[in-house]
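The hints should help you fit chains B and C onto chain A, whose structure is shown.
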Amino acid sequence: MKQNHYKNDPDPCIRCSICTMVCPVSRVTSLFPGPKQAGPGAQRFRKKRELSVDPWIELCLGCHLCDISCPSGVNISYINLIAKEKFLEEKGRPLRDWILSHFHLFGDLVSVFPSLVNRILRNYAMKWLMDKALRIEKDRELPQYSNEKLTKWFKNHISKGKRKIAYFYGCYTNNHEIDVGKAAIEVLEANDFEVILPKQECCGIPMLGNGNLKGAKKLALKNVSALLESINLGLDIVFTSTSCGHMIKHDYDKILGISEAKEISKHIFDIFEFLRNLKTFGTFNSNFKKLPIKAIYFAPCHLKALGIGLPAIEILRLIPDFKIEYINVDCCGLGGTFGFKKEKYRISQEIGNDLKKAINYLNPDIVLTDCEGCRIQIRHLTGLKVLHPIQILRDVIK
Amino acid sequence: MRKGLMYFDIIVIGMGLSGLMAAKTAVESGMKVLIVGKGMGTLCLFSNTIDLLGTIPLSMEVEKGLYKWIIIHPEHPYSKVGLENIKKSFLEFNSIFSSHYSFKNENERNCLIPTPVGTLRPTYMIPNTMVPWNHQEEKRVILGFKGFKDFYADWIARRLNSRSITLSIPDLIRNEVTQIYLSRCFEKRLFRERIINEIKKHLQGEKFLGFPAILGIEDPYSVKSDLEQSLEAKIFEIPVLPPSIPGLRIFNRFKEWLIAKGATFLMGYQVTKAILKGKRCEGIEVSNAPITNLYCADRYILATGRFIGGGLKATSNSSLFETIFNLPVTKPKNQNEWFRKNFFDDHMIHEMGILTNKSFQPISNEGDIVLENIWVCGTILSGHKYLYEKSKEGIEISTGYMAVKSALEK
Amino acid sequence: MKIKTEVLIIGGGATGTGIARDLSLRGIPTILIEKGDLLSGASGRNHGLLHSGARYALTDPEAAKECIIENGILKKIAPHCIEDTGGLFVGLPEDGSKLKDQFIKACKKAEIPTQIISRDEALFLEPNLNPNITFCIKVPDGAIDPFELVFDNKRDAEIHGGTFFLHTEATQIIVEKNKVKRVLAKDLTNEDHYDIEASFVINATGAWVNHLLRYVGLKLPMALSKGSLLLTNKRLNQMVINRLRPPSDGDIIVPNKTVSILGTTSLRSEEPNDFDVNPNEVSLLIEEGAKLIPSVKSTRFIRAYAGVRPLFMSEKKGDDREISRGFVLIDHERDGINNLITITGGKLITYRLMAEKTADLICQKMGINKTCSTHLRPLPGVNRKKDLKDRLKSLDTSLSKKRTEILCDCELVEREEFEEVFKNENLKDPLDILHRIRLAKGTCQGGFCLYRLLGVLIELNKEIEEPVNILKNLLEERWKGIRPILWGTSLQEEELLEGIYKGIFNLSSPSPLPVEDI
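Residue numbers (the numbering used here), protein chains in the order written: chain A, 1 to 398; chain B, 1 to 410; chain C, 1 to 518.
Since the hints were made in silico from the structure, they are not lab data. Even glycine gets a Cβ: it sits at the ideal position worked out from N, Cα and C. There could be a bad hint or two in this list.
To be verified - Label-pair distances were calculated between CB atoms; the ranges are: (1) B:351 / A:7: 30 to 38 Å; (2) A:7 / B:409: 27 to 35 Å; (3) B:351 / C:297: 24 to 32 Å; (4) A:102 / B:193: 44 to 52 Å.
Same shape as in the complex, but just chain A (with noise of 0.2 Å):
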């Protein structure tokens, strides 16, 4: 977000389109009027005290990429996300939303038969049965649920290391793909540091997408006071979803408003990014095997807005004969629970047929990117292998 201008002030914008030209959304359906005209256009003829009339909002997938392109500092998709939850709070959100929004919650449950539960979220007519009653898109395949929990798993594990580390999963990666924790933890104790699994709670992002600022920031409150103590004694924290790491590191004290939060920024990094700080100074295991493969990098939206530049990049061309090449598309179109929504799929799979094409063109062995999102999507679209830079990492440490 960019400086001085926090509120849904409408003033800064000066009508340049240029945000219009590179809304994901927008370009592919002439149902959102794009940011422009979403978030400054609108805010003038917002009142605060009068329904909300426009429903379009939704399809704001809060990628951020008009706040980057936006040259005056408009805060477009914050003046989103505030109308978009004055409009949901007034219309209600279905049981699927809160579903999605949730999803956290089933993680326990589902853990002590995870494979039962994998067979069901994979049977045609189940789906079929979500898509008519839930109106969640059956073409998508939900995500399977891993053998054992991240965290069940690290309690059978020992870590070692001279200097202590706390690691923020999210919930995805400790149930969906446990093995991109495992490999961000023997990467941590490769480079010397014990890795600690602070008490947490799902990010909240799901919710925040929702429009539910109010029940992101009951899990984030507690979050922070977690996340707190391990920093209070002295550790730094590092996360693998990009997803989860912005919205602590920026949206807990920028949008909830939790001024606690601002100490949690200071020392929670994305962990290409404190792997990249471990070479400035020159503390980093860059003890490689050789990977003679081509991989294509996909930045995540969520990596673009935490302004880091491409850290897992700058890493991952230190392993001998590997091949990574960035790929100039922008958003993958999933939006997090945006594009499992019945209605909303069709515009996810438009905005995701770019990448396709540029990754077909590309012709990759693998693709890498640090959203959980940004996976499946790749995935759903290509059918190739996708993985998360960290998984590559471990994979090449002698």
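Below, chains B and C without anything else, positioned relative to chain A:
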């Protein structure tokens, strides 16, 4: 190690053409480069073509015209860069583009291209999707699209003695289309086929077809060639209201190139503070609320442009200043005098800017170097009036290049 | 062309148009001529304030009474032109509290309902209000759109037989035997000439009364008072906010659709079209406005404009504000011309009353007994209200209606609306359409949409000449309102627009000398 400390050889502040050019020049010299910008610069607003000095008559070789200009205007950025370096910088600019989409000049001279109001504008280099205007040419058609409100074929055609066709877009369920939407449509073969069929119905043997500048983003030359083959006519693009797709093509090319070569490309973040110690800049703070990140370098290039991106700022009480280093701004007259009575007058405010020495270091009115490790480039410089001279891209390219060259000499 | 009618009205402001409506409703054949478009004078350059009259309660109780009555009437007959925002009179610490009680008493006397509200409630209603206010009184102020109002009056007049000739200027008044025999007029768009014979002529030319009266060798003691106003980019307040002190500069902030209007100043002027806003006025309005709403200091302004008030000087007074804002109806029988009437002075919101009195006088002189019904009959557009919510709906493409493209992105004006007005209104000067739709009234003040407007006009009207010159003139006209507020974001906006018009479009005046001439 609490803060994200990052160290570079050169930090370029600003993502307009001068910043991108500076970053490229620095990367080519083997430097570790950070380019940080508040947004995407103004390439995507104005830069459809590459201006050098539009006041040079069409009959005169541009090199000769520049040579004369430099003699008459010693305070102008071109004079500080020098003719040879202007030529070098343009070669450097061109080298980033493939043969597929490249910029060419017309016989070492300025040429004219049509505008969205049917006037003609002098420019120097045009992409190969555009064609220099030839008064002799007859049988021209200008094509517009229903629902594309930023281009009016009737208007342009009338003024340029051409015919006009306004096409309906096949299968259009939306009421209006934008530059980006149309550009993406044209990148699809199916869409092109349908448009071609539509056009064929209306053609009356014309051989020159003018389109708004929306013939694709990634590979416009192929789009154009495809259209030319099917329509058996020569196609040319005409710039439209912002946002500018030709400008976006240039931006994307620079972005790809810089990232591939390992530059750190930080778009969307504002430099909020410069850490100064005596006459040196020790670092810059880039804000991303609630934190700020500190970046340090030996050398800093200020390429923040004028007012749009916030390089210069003016307040209601007549204060006009440079927003990051507070460098002295020339001739900050009283606010009443910044702008003249009529919109189309030559406004004083355009002459205000950062005063530099021949090496593009910022100096005070007395000639003292203000900060030793800062070099300034782009339209924020004083001594030019790019709007009236038609020299915007030329100043950006040449000074972006030269500022880094000078910085590396130190 | 020779025309014969009963009443000729010269002047197409609120008053003249209101008279046309009143007379037409009474069945009296009426013609109105106006040298420009309707609302060329003060009617189109004011604060848009639907007074409750409270502002005049202490200084001019008669005017106050008139106001509150007309306020109620207008809310009934023209609700679609009005936003019933309510108003607040606030006191600041430096104003003391002496006036407060006097004010309430005076309002009561004038039958203006007031209600004291607590500061907390005031801040709840108006979060941007200066938290240091010492007291707050609610009054029935509102915001009115003079353009909607006057054009709807015109419509009603035309429905009942009235005829309007816009862009038609009176060039000569021929008096014979103590009567105006004929009025000669010229159409400024096509050089047509009119020779009008009317039983009665009404001079409703506002600040131009003496320009017209010189044709008959008369002159009225008028003071022209220029008042400047500033438009903000976004609406800062929901209710009208007034400062409770003896009427002074910069006292009022009126919300109007998407913006707020700060006003006003009062400078003696010599010319009826003295519309330049000078920098001192801008600073003053911001300084005074910030005392009411502190964020005025940092808010973005999009336009400055001025209007000239015609004030009738019954006695020589120092401060123009002290001259009565009440109106004056002069039967020039006293000057030897039996069928000429001048109506002048007044405020926008008493236009209907002014029209009524004028029409009554006409009827009296005609010896007919027709009564006024303008206060009873609603204006024709009464069901056509479109508030901000409705306009925001034009972004919702899921609504069933097949929409056309939005020409003015800032104010959400669709091409369809433009084409409809263009076809129905049959405008002599196509640019008059700018007075009838909200195109170019928003953030960029037409920066993008003036180009689009001309593009569409050319598509609809192939004969339009020299569109590039028209565009340049439009931009120059626009510049007058922009130049006084050029700092901060507005300056960034201008850099963008200069880059478009001087850069991409290459519409500059000749650029610096070509090199070879040196």
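So, going through the hints one by one against the coordinates:
The supplied range of 30 to 38 Å is met by residue 351 of chain B and residue 7 of chain A, whose beta-carbon atoms lie about 36 Å from each other. The beta-carbon spacing between residue 7 of chain A and residue 409 of chain B, approximately 46 Å, falls outside the hinted interval of 27 to 35 Å. Range check, residue 351 of chain B to residue 297 of chain C: about 29 Å between beta-carbon atoms, so the 24 to 32 Å window is met. Range check, residue 102 of chain A to residue 193 of chain B: about 47 Å between beta-carbon atoms, so the 44 to 52 Å window is met.
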